Every structure is written in C-alpha cells, then in structure tokens.
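**Q** Residue numbers (the working numbering), protein chains in the order written: chain A, 8 to 306; chain B, 98 to 433.
Do not rely on the hints blindly, as some may be mistaken.
Computed cross-link-like contacts, SDA-like style, restricted to lysine to any residue with a CA-CA straight-line distance of at most 25 Å [as the list claims (entries may be wrong)]:
{"id": "1", "chain 1": "A", "residue 1": "193", "chain 2": "B", "residue 2": "277"}
{"id": "2", "chain 1": "B", "residue 1": "411", "chain 2": "A", "residue 2": "124"}
{"id": "3", "chain 1": "B", "residue 1": "427", "chain 2": "A", "residue 2": "124"}
{"id": "4", "chain 1": "B", "residue 1": "204", "chain 2": "A", "residue 2": "77"}
{"id": "5", "chain 1": "B", "residue 1": "231", "chain 2": "A", "residue 2": "225"}
{"id": "6", "chain 1": "B", "residue 1": "221", "chain 2": "A", "residue 2": "238"}
{"id": "7", "chain 1": "A", "residue 1": "193", "chain 2": "B", "residue 2": "280"}
{"id": "8", "chain 1": "A", "residue 1": "200", "chain 2": "B", "residue 2": "191"}
{"id": "9", "chain 1": "A", "residue 1": "200", "chain 2": "B", "residue 2": "279"}
{"id": "10", "chain 1": "A", "residue 1": "193", "chain 2": "B", "residue 2": "233"}
{"id": "11", "chain 1": "A", "residue 1": "193", "chain 2": "B", "residue 2": "218"}
{"id": "12", "chain 1": "A", "residue 1": "200", "chain 2": "B", "residue 2": "282"}
{"id": "13", "chain 1": "B", "residue 1": "427", "chain 2": "A", "residue 2": "121"}
{"id": "14", "chain 1": "B", "residue 1": "221", "chain 2": "A", "residue 2": "249"}
{"id": "15", "chain 1": "A", "residue 1": "95", "chain 2": "A", "residue 2": "225"}
{"id": "16", "chain 1": "B", "residue 1": "222", "chain 2": "A", "residue 2": "90"}
{"id": "17", "chain 1": "B", "residue 1": "411", "chain 2": "A", "residue 2": "74"}
{"id": "18", "chain 1": "B", "residue 1": "231", "chain 2": "A", "residue 2": "157"}
{"id": "19", "chain 1": "B", "residue 1": "204", "chain 2": "A", "residue 2": "66"}
{"id": "20", "chain 1": "B", "residue 1": "221", "chain 2": "A", "residue 2": "157"}
{"id": "21", "chain 1": "B", "residue 1": "221", "chain 2": "A", "residue 2": "90"}
{"id": "22", "chain 1": "A", "residue 1": "200", "chain 2": "B", "residue 2": "277"}
{"id": "23", "chain 1": "B", "residue 1": "427", "chain 2": "A", "residue 2": "90"}
Hint data in this document are derived by calculation from the structure and do not stem from the laboratory. As the structure is a computational prediction, the values presented were derived from the model and not from experiment.
Letter by letter, the chains look like this.
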Amino acid sequence: MASLSRSTRALLSQSFRRSAVATSQHIRLASTATNKGTANKSSKNESDDSIILESKQEYATGISRLHEHYRSTVQDDLMVLTYSHSFKPKAKVPEGVRIELKGNKHIKPAPKAPAPNRIPELLKIDVNCMMKEALTSKYNLLSGFMAIQSITGEMPEIIHSKKGVHTWKLRAGNPIGCKVTLRGDKMYQFLDKLVEVVLPRMKEWPGLPESAGDATGNIGIGFPPSALSLFPEIENNFDMFPRMTGFHVTFATTANTDLEARLLLSGFNMPFQQKIRSAPVPKVLAAEASSSIDAATSA
Amino acid sequence: MSSILRRQVLRTLSTVARTQVQALPARLTIAARSYASASSPSTAAAAVAASEPFKSNVSISSSALVSSTKDLIVNGHRIVAGAVVSRQPLIVRDLTPFEQEYFTYQKNLERENAAAFGAEFYFKKGSIAERRWKQQEAERQAAASGIFSSSSSPSKSASKTPADPAADVESEEDRVAALETKIEFNDRVTEADRKNDVRSLERALQRTLYLIVKKPRDQHAWQFPQGGVHLCENLQEAAGRELQEECGSNMDLWFVGRVPIGHYNYKLPKDYVPKIQNTSAIKGTKVFFMKAHIFAGQVQVDDKEIVDFAWVTKQEMKDYVSSDYYEATKDMLSDF
Numbered sequence: 008m009a010s011l012s013r014s015t016r017a018l019l020s021q022s023f024r025r026s027a028v029a030t031s032q033h034i035r036l037a038s039t040a041t042n043k044g045t046a047n048k049s050s051k052n053e054s055d056d057s058i059i060l061e062s063k064q065e066y067a068t069g070i071s072r073l074h075e076h077y078r079s080t081v082q083d084d085l086m087v088l089t090y091s092h093s094f095k096p097k098a099k100v101p102e103g104v105r106i107e108l109k110g111n112k113h114i115k116p117a118p119k120a121p122a123p124n125r126i127p128e129l130l131k132i133d134v135n136c137m138m139k140e141a142l143t144s145k146y147n148l149l150s151g152f153m154a155i156q157s158i159t160g161e162m163p164e165i166i167h168s169k170k171g172v173h174t175w176k177l178r179a180g181n182p183i184g185c186k187v188t189l190r191g192d193k194m195y196q197f198l199d200k201l202v203e204v205v206l207p208r209m210k211e212w213p214g215l216p217e218s219a220g221d222a223t224g225n226i227g228i229g230f231p232p233s234a235l236s237l238f239p240e241i242e243n244n245f246d247m248f249p250r251m252t253g254f255h256v257t258f259a260t261t262a263n264t265d266l267e268a269r270l271l272l273s274g275f276n277m278p279f280q281q282k283i284r285s286a287p288v289p290k291v292l293a294a295e296a297s298s299s300i301d302a303a304t305s306a
Numbered sequence: 098m099s100s101i102l103r104r105q106v107l108r109t110l111s112t113v114a115r116t117q118v119q120a121l122p123a124r125l126t127i128a129a130r131s132y133a134s135a136s137s138p139s140t141a142a143a144a145v146a147a148s149e150p151f152k153s154n155v156s157i158s159s160s161a162l163v164s165s166t167k168d169l170i171v172n173g174h175r176i177v178a179g180a181v182v183s184r185q186p187l188i189v190r191d192l193t194p195f196e197q198e199y200f201t202y203q204k205n206l207e208r209e210n211a212a213a214f215g216a217e218f219y220f221k222k223g224s225i226a227e228r229r230w231k232q233q234e235a236e237r238q239a240a241a242s243g244i245f246s247s248s249s250s251p252s253k254s255a256s257k258t259p260a261d262p263a264a265d266v267e268s269e270e271d272r273v274a275a276l277e278t279k280i281e282f283n284d285r286v287t288e289a290d291r292k293n294d295v296r297s298l299e300r301a302l303q304r305t306l307y308l309i310v311k312k313p314r315d316q317h318a319w320q321f322p323q324g325g326v327h328l329c330e331n332l333q334e335a336a337g338r339e340l341q342e343e344c345g346s347n348m349d350l351w352f353v354g355r356v357p358i359g360h361y362n363y364k365l366p367k368d369y370v371p372k373i374q375n376t377s378a379i380k381g382t383k384v385f386f387m388k389a390h391i392f393a394g395q396v397q398v399d400d401k402e403i404v405d406f407a408w409v410t411k412q413e414m415k416d417y418v419s420s421d422y423y424e425a426t427k428d429m430l431s432d433f
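Excised from the complex, chain A in its bound form (with noise of 0.2 Å):
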C-alpha cells in the first residue's frame, strides 16, 4: 500500500498538462475538507466554490455499437412488446405527480400510454463506491478513486459524507467515496464492457432478479470487490490497486415501469433470472394424464 500511496502522490503531484490539475483540485478539496472537520461550514463552502471545475466536455468520437443496435433493433421491438391497444389512463392520479412513499412502498406515477416518442431509452449509467477503509486515511480511497476512473474512462467525483456518525468515526465533511455519470458514447462503451466481459465471468451470479428496478424504470447492480479485478483495465494492472472494492451500477432509463427498463436492458443483453415454468400442456394430453396435472394446468 505503501508504495502505491507513493507511487500515487507522485503521480499527482506532478505537473500535468490541463487535467492533472483537476486531479489535485480533487485532492486538494479531499485534504481541505477533512482538515476543517465538521464545524466550520463557512468555510468549506468557500473552499468548495475554489474549486469548482470546468463543465465535463463531451465528444462524438462516433458511432457506438450498442447505441446503433439500440435505433436498429432494440427500439422498434419495445414498441411492439409494450404496445397496449386498450389503453385506458387513471383519471385519478394527475400525470406526473409522484408521491413519495406510501408505507414502505414507493407509488407508482400514472402510466402513460405507449407512443414512438415514449418508447424507452437509456439516459445514463451512474458508477459509485463508498470505501469503509477512507475513514482511517483519506489516501486509502485513491484506490477507489483510480480504480473507477480506469474502468469509466472520467474522472470520478469525491462524495463528501453529509453528516457525522461518531460510532462509525465518522465526521460530517469527510471524503468517503466517489462517483461517476456516464451519458452518451463512453455510457454504451460501459455498457458493452459489462455484459460482454464482466457478467459473464462473475461466478455464482444469478443475474438480475425479475423483480429488478426501483418502480420507477431505473435498475441498480451492486457489485463485490472481486467484480471489479474482472474489468480488463483492472485485470492487466491488478498489482497497481492494493484495494478492491464493491461499487454501485445504477441504469437511469426514460421507462415508466420496471418493466418496461428490464426489457430495454435485457434488450442489451443484460442477464435476467428466469424462473422455469412448466410447459403448457395440451387439452388433449390433460385430459389423459392424472387428475394432480390437469389440477395444476387448471390452476
């Protein structure tokens, strides 16, 4: 860990042409930050203004597999498979209006009816990960840090903990994690690296549950430690990171239904659990066949 910590500071304290810059603002907002603690507010906010980045330019460096896969095939058949001929909206709840929680659940907002213009999309992949080991030393979350910017290809965001837990050592302002939103080209290249080359090796993954999703057309993946050495930016330079950690996928989609999201991701080629279902029996070999059988086809 030592030698990487080392190795690390090096990297950063060097002078960079333009990014590298940004690279120690990071970390510069990481050591300011854990510096004044939790009391003094005024001044982290001043010291957040300082260092504010310039806004993330996005390039069209061309035409992404997925994404033409998604105009070819995958769009044209949701249309199809959501197609609802007798649509008929609740005139009960308003469109648009969510409310938040009703018991532990969340309510669905209204259905809209299917429309070429509503067909669903994806918006954005958003990669995260909370490292537990940052508390003791904010440079253990360097790992983390260069970990998800070297499976993302951006440069990840540090998260800041909102508020102090004192059993957990846990002060309000610390560097805890970081972040990353994925749009466009780079989101379909992620795509594509995932499901062509992670998923597939992950042992004793299930897949996706059917019930995926959190009822408003978006769908998280967590993922463990070992998850992350499967990546081939990771796979080639495993020595290079002395700590591997979980992280969180989340696929933020235009659908209004976790249905809907499932058959957009699944359209990707994402791996859903199927549960086996007994075939449908014919009439005729029911009524042949034992009472028990023709009860459950019945049923």
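Go by the hints and put chain B onto chain A.
**A** Frame of chain A, contents of chain B only:
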C-alpha cells in the same frame, strides 16, 4: 445458478472469441431470448427449451382448445396471418464522409484535452511494456498531428523515437507479442453481396433483411409468408404454423410480442373461385402481420407451397411485390 444463465454465459463467452460477423447473430439471439423471458412469462418455458435447436417461441398446439382446420371468418372477412421475418443488421453501418471527418476532428480534440496518462505509474521504467507504449504513443501523436500541427510537430516526435536507445532493440518477445495480438478483420462486403445471392442470409450485413416467398401463381406471387387463421387459434400461432408449413422447420425464430405490427385489407377478385364451399359470404380478406426475428437456419423450398424465396431490404422488396402490397406494408419495415 440456473441452467439457462449458465448456457447464456457460455454462449456469450464463445461469442467474444468469434469473429465480428459471426458474433453478432449469437449475441442477438441471447438478447431476444432475454426479451422473451421478461415480456411474457408464459413463453419463458419456450425460451428455456432453447437448447433444442431451431424452435420458435410459439408452441403451435399449446392453447388450441379444439384443433380445427376451418378458416376464421369475421364480418365476412377471411382473417389471414402473415409473418414479417427479419434478419437484423449484423455490423455497424458505414459512416458518411462527413461523419468520418467530424468524428476524426472530435477524436483529436478529445485527445488534446484528455487527462494525461501516468505512464510512470503503470509501466516499470525500462520495461518492454513501457517501450511499446511509448512507440504507440508516438504513432498516435504523429497521426493526430495532421490537424494540430501547432501543438505537436511530427518531426519532433519522429526524431524522438529513434533517439530512444531502448526502442532500437527489437527483442524476440516483441515479435512474438506482435504475432499473438494480430487481429484480422472480416470483410464488410461478403461473397453473397458480390454474387448478388438474394437467398443468402450473409448478404447486406449493414441492413435489415426481410423474408419474402414466391408462390406458384402468376399474379401476386411474391409475398410475406402468410395464410388463413384457423378457428380457435391466435394470430401468433397462425403465423408460426404458416411459416412452418411454407418454409419448413429449419429456422430459429423468435416472435416479437403477440400484437400485429400492421394490416392489409383487400377485396376478393370477381373471378375468384373459392377452394372451399360455403364461402359465398366472403367479401374480402384481412391480413395481419406478426413480427419475428431469425437467428439461425434457412428456408427450405418444397416446390408445393412456395417455389422461391428471397432475403431483401425494404427498397429491394419494391421490385418483387405488387405495388398495392408494398404500399400497405412499407410503413412497418425499417428503412435501414
């Protein structure tokens, strides 16, 4: 871990190793099967049975309460189900010259503004990997310098590379690595394209192809595979059955949903002689088209139901089918 997933995993793994042209159909197969599992739970069993080759997600005998060969007639119209079987694009489309220029420009811009790569962190000093990376970096720099000649001059980078003493040493390992990592690309224009073999599924890899069949008659010979819906049969089952009757069972198909994607009404010609009696009340025919994808297999011509078939793009289809038929079906077909 369920068996279906393990199979998916194996298939996906195997596709990674395959060449580009071959890899995509298999990938699409899994994608579409996943649709099936998510959309209609009743067809999950059919998807699970995917290990048996060439079975569609339609079980013909499943829900028919009474097996009847009587045609379904609604309000004096014979109901007919057609199957629009498509082969999806297998490779990414060609870029237009403008797109090419634009993407090259954007790529160079991105390269200029990208975060610097910490080579010292990733490569040990003096190692082969570092040397190789430096060479590649110099090549990339030289390629990009055509546009940004002010920021990086090609002469500078070119003179730098041979100056590096380590780069001159072409070791045995380098040559072995170069042999190992050599990637050969398949041709984007296939043999079937050159021969204009419309029966081949390997043609027009960038386009969506549709199956049309030729029936043994003079007029309206070329059509989508279609036939009458029997009593107590739904459209999807009827389309699957007709497809099997006309084109044989050597096709791995997947029907997209259970709703038709289009319809076509026509009146019977005046000189029409009904094959079956008791059809005096029939005024016309309504054709409902069901969408399906093909993943493997091919049509088998039996010379009874059909005499010929073709896999054509939407634009090519215009030359085969009658103008009425094309006008009725063109909006449900993909332009790309």
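**Q** Determine for every hint whether it applies to the structure shown.
**A** Hints, verified against the model:
1. The suggested pairing of residue 193 (chain A) with residue 277 (chain B) is violated, with an alpha-carbon distance near 28 Å, which exceeds 25 Å.
2. Of the supplied pair hints, the one linking residue 411 (chain B) and residue 124 (chain A) holds, its CA atoms being roughly 23 Å apart against a limit of 25 Å.
3. At most 25 Å may separate the alpha-carbon atoms for a hinted pair to count; residue 427 (chain B) and residue 124 (chain A) meet this at roughly 20 Å.
4. Taking the CA atoms of residue 204 (chain B) and residue 77 (chain A), the gap is near 23 Å; set against the 25 Å cutoff, the hint holds.
5. Between the alpha carbons of residue 231 (chain B) and residue 225 (chain A) the distance comes to roughly 42 Å, so the proposed pair goes past 25 Å and is violated.
6. The hinted pair formed by residue 221 (chain B) and residue 238 (chain A) meets the criterion: a straight-line CA distance of about 21 Å does not exceed 25 Å.
7. Taking the CA atoms of residue 193 (chain A) and residue 280 (chain B), the gap is about 24 Å. The hint holds against a cut of 25 Å.
8. Of the pairs offered as hints, the one joining residue 200 (chain A) and residue 191 (chain B) holds, with about 23 Å between alpha carbons and a cut-off of 25 Å not exceeded.
9. For a cut-off of 25 Å, the pair hint linking residue 200 (chain A) to residue 279 (chain B) stands: about 21 Å separates their Cα positions.
10. Pair hint residue 193 (chain A) plus residue 233 (chain B) holds up; C-alpha atoms about 23 Å apart against a cutoff of 25 Å.
11. Between residue 193 (chain A) and residue 218 (chain B) the alpha-carbon distance is near 24 Å, which keeps this suggested pair within the 25 Å criterion.
12. At most 25 Å may separate the alpha-carbon atoms for a hinted pair to count; residue 200 (chain A) and residue 282 (chain B) meet this at roughly 20 Å.
13. Proximity of residue 427 (chain B) to residue 121 (chain A) is assessed by CA-CA distance (about 22 Å); at most 25 Å being required, the pair is judged to hold.
14. For the given pair, residue 221 (chain B) sits about 17 Å from residue 249 (chain A) by alpha-carbon distance, which is consistent with the 25 Å threshold.
15. For the given pair, residue 95 (chain A) sits about 24 Å from residue 225 (chain A) by alpha-carbon distance, which is consistent with the 25 Å threshold.
16. For the given pair, residue 222 (chain B) sits about 60 Å from residue 90 (chain A) by alpha-carbon distance, which is inconsistent with the 25 Å threshold.
17. Annotation: proposed proximity of residue 411 (chain B) to residue 74 (chain A) holds, straight-line Cα distance about 22 Å (limit 25 Å).
18. About 19 Å separates the Cα atoms of residue 231 (chain B) and residue 157 (chain A), which keeps this hinted pair within 25 Å; it holds.
19. Our distance criterion of 25 Å between C-alpha atoms is met by residue 204 (chain B) and residue 66 (chain A), whose separation comes to about 7 Å.
20. Distance check on the hinted pair: residue 221 (chain B) and residue 157 (chain A) sit about 18 Å apart at the alpha-carbon level, within 25 Å; holds.
21. Of the supplied pair hints, the one linking residue 221 (chain B) and residue 90 (chain A) is violated, its CA atoms being roughly 57 Å apart against a limit of 25 Å.
22. At most 25 Å may separate the alpha-carbon atoms for a hinted pair to count; residue 200 (chain A) and residue 277 (chain B) meet this at roughly 22 Å.
23. For the given pair, residue 427 (chain B) sits about 20 Å from residue 90 (chain A) by alpha-carbon distance, which is consistent with the 25 Å threshold.
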